[in-house]
Amino acid sequence: MARAHKFAALSSVFTLIYVLAFFSIIPVPLVSEDVANQLIPVFPWWLLVSFGSYSLGTLGWGLFTFQDCPDAYRELMLEISQAKDDLRAKGVAVD
Amino acid sequence: QTSSDKAVGALALLVAAIVFIYYTLWAIILPFFPPTHSIHDYFPEREWAVRIPALILVVGLAAVGSFVGSVLIKEGRKRRAK
Numbered sequence: 001m002a003r004a005h006k007f008a009a010l011s012s013v014f015t016l017i018y019v020l021a022f023f024s025i026i027p028v029p030l031v032s033e034d035v036a037n038q039l040i041p042v043f044p045w046w047l048l049v050s051f052g053s054y055s056l057g058t059l060g061w062g063l064f065t066f067q068d069c070p071d072a073y074r075e076l077m078l079e080i081s082q083a084k085d086d087l088r089a090k091g092v093a094v095d
Numbered sequence: 101q102t103s104s105d106k107a108v109g110a111l112a113l114l115v116a117a118i119v120f121i122y123y124t125l126w127a128i129i130l131p132f133f134p135p136t137h138s139i140h141d142y143f144p145e146r147e148w149a150v151r152i153p154a155l156i157l158v159v160g161l162a163a164v165g166s167f168v169g170s171v172l173i174k175e176g177r178k179r180r181a182k
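Chains V and C, in that order, are what the protein sequence lines are. What the first sequence shows, in this note's numbering, is residues 1 to 95, in sequence order. What the second sequence shows, in this note's numbering, is residues 101 to 182, in sequence order.
Bear in mind the hints are in silico, worked out from the structure with no lab data behind them. Just so it is clear, CB atoms sit at the ideal spot from N, CA and C, and this is done for glycine as well. Some hints could be false.
[Claimed, not checked] Some but not every residue of chain C turned toward chain V, in silico, with C-beta under 7 Å:
id, residue
1, S103
2, D105
3, K106
4, G109
5, A112
6, L113
7, A116
8, V119
9, Y123
10, A127
11, I129
12, P131
13, P153
[What the hints assert, rightly or not] Computed cross-link-like contacts, SDA-like style, restricted to lysine to any residue with a CA-CA straight-line distance of at most 20 Å:
id, chain 1, residue 1, chain 2, residue 2
14, C, K106, V, T58
15, C, K106, V, W61
16, C, K106, V, Y54
Work out the full structure, taking the sequences as your base and the hints as a guide.
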């Protein structure tokens, strides 16, 4: 839970800063006001698109680098059928 | 099989990279160029940089909501039939 607290705290701070900049209460440093007015509305959407790309990218990378393990597969299927037989014998409706 | 998995994974990674780079250029980098620069010819108008993700978000949430709703309805019917 500590990590979630830390994440929530940091996001609240950045959201507050963003909202203040959105309503022009605080100025955006380093860029001209014209450019800032173009960047600020787009920023949350950019975060969303980046998150989506990151998710899709890590998914793809995981798929690409996954090593097949046939022994583990066979062992797992055996364990599953044993568990099903066991539960069926005890009266649980499996499958 | 593993080879088609690898192909799908590589394709997903490539699509994610292209989308991220194109969108970052469009949303974050283009405002720094003067409006007359030729780079703007490679991108649609900037309000679409907000409309397209917003549309995808709405459609995505609707799809997730419909799926959850249909599962709940099916479960409710099953429970009433018992």
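Evaluation of the provided hints:
1. The beta carbon of S103 (chain C) comes no nearer than 10 Å to any beta carbon in chain V, farther than 7 Å, and the hint placing it at the interface is violated.
2. At its closest, the beta carbon of D105 (chain C) sits 5 Å from a beta carbon of chain V; the interface hint therefore holds under the 7 Å criterion.
3. With a least beta-carbon distance of about 5 Å to chain V, the hint placing K106 (chain C) at the interface is held under the 7 Å criterion.
4. Of the supplied interface hints, the one on G109 (chain C) holds, with its beta-carbon coming within about 3 Å of a beta-carbon of chain V, less than 7 Å.
5. Interface restraint check for A112 (chain C): the shortest CB-CB distance to chain V comes to about 3 Å, inside 7 Å, so the restraint holds.
6. A hinted interface residue such as L113 (chain C) counts as satisfied when its beta carbon comes closer than 7 Å to some beta carbon of chain V; here the least separation is about 4 Å, so the hint holds.
7. Interface hint at A116 (chain C): satisfied, since its Cβ lies 4 Å from the closest Cβ of chain V, which is below the 7 Å cut-off.
8. For V119 (chain C), the shortest C-beta to C-beta distance to chain V is roughly 5 Å, which falls under 7 Å, so the interface hint holds.
9. The beta carbon of Y123 (chain C) comes within 5 Å of a beta carbon in chain V, closer than 7 Å, and the hint placing it at the interface holds.
10. Below 7 Å, beta-carbon pairs count as interface contacts, and A127 (chain C) has one with chain V at about 4 Å; its hint therefore holds.
11. Annotation: interface hint on I129 (chain C) violated; nearest CB of chain V at approximately 10 Å, more than 7 Å.
12. Given hint, P131 (chain C) at the interface with chain V, holds; its Cβ is 4 Å from that chain's nearest Cβ, closer than 7 Å.
13. The beta carbon of P153 (chain C) comes within 5 Å of a beta carbon in chain V, closer than 7 Å, and the hint placing it at the interface holds.
14. For the proposed pair K106 (chain C) and T58 (chain V), the alpha carbon gap of about 13 Å is at most 20 Å, so the pair holds.
15. Between K106 (chain C) and W61 (chain V), the direct Cα distance comes to roughly 9 Å. Compliance with the 20 Å bound is thereby established for this hinted pair.
16. For the hint linking K106 (chain C) to Y54 (chain V), the alpha-carbon distance of about 18 Å falls within 20 Å, and the restraint holds.
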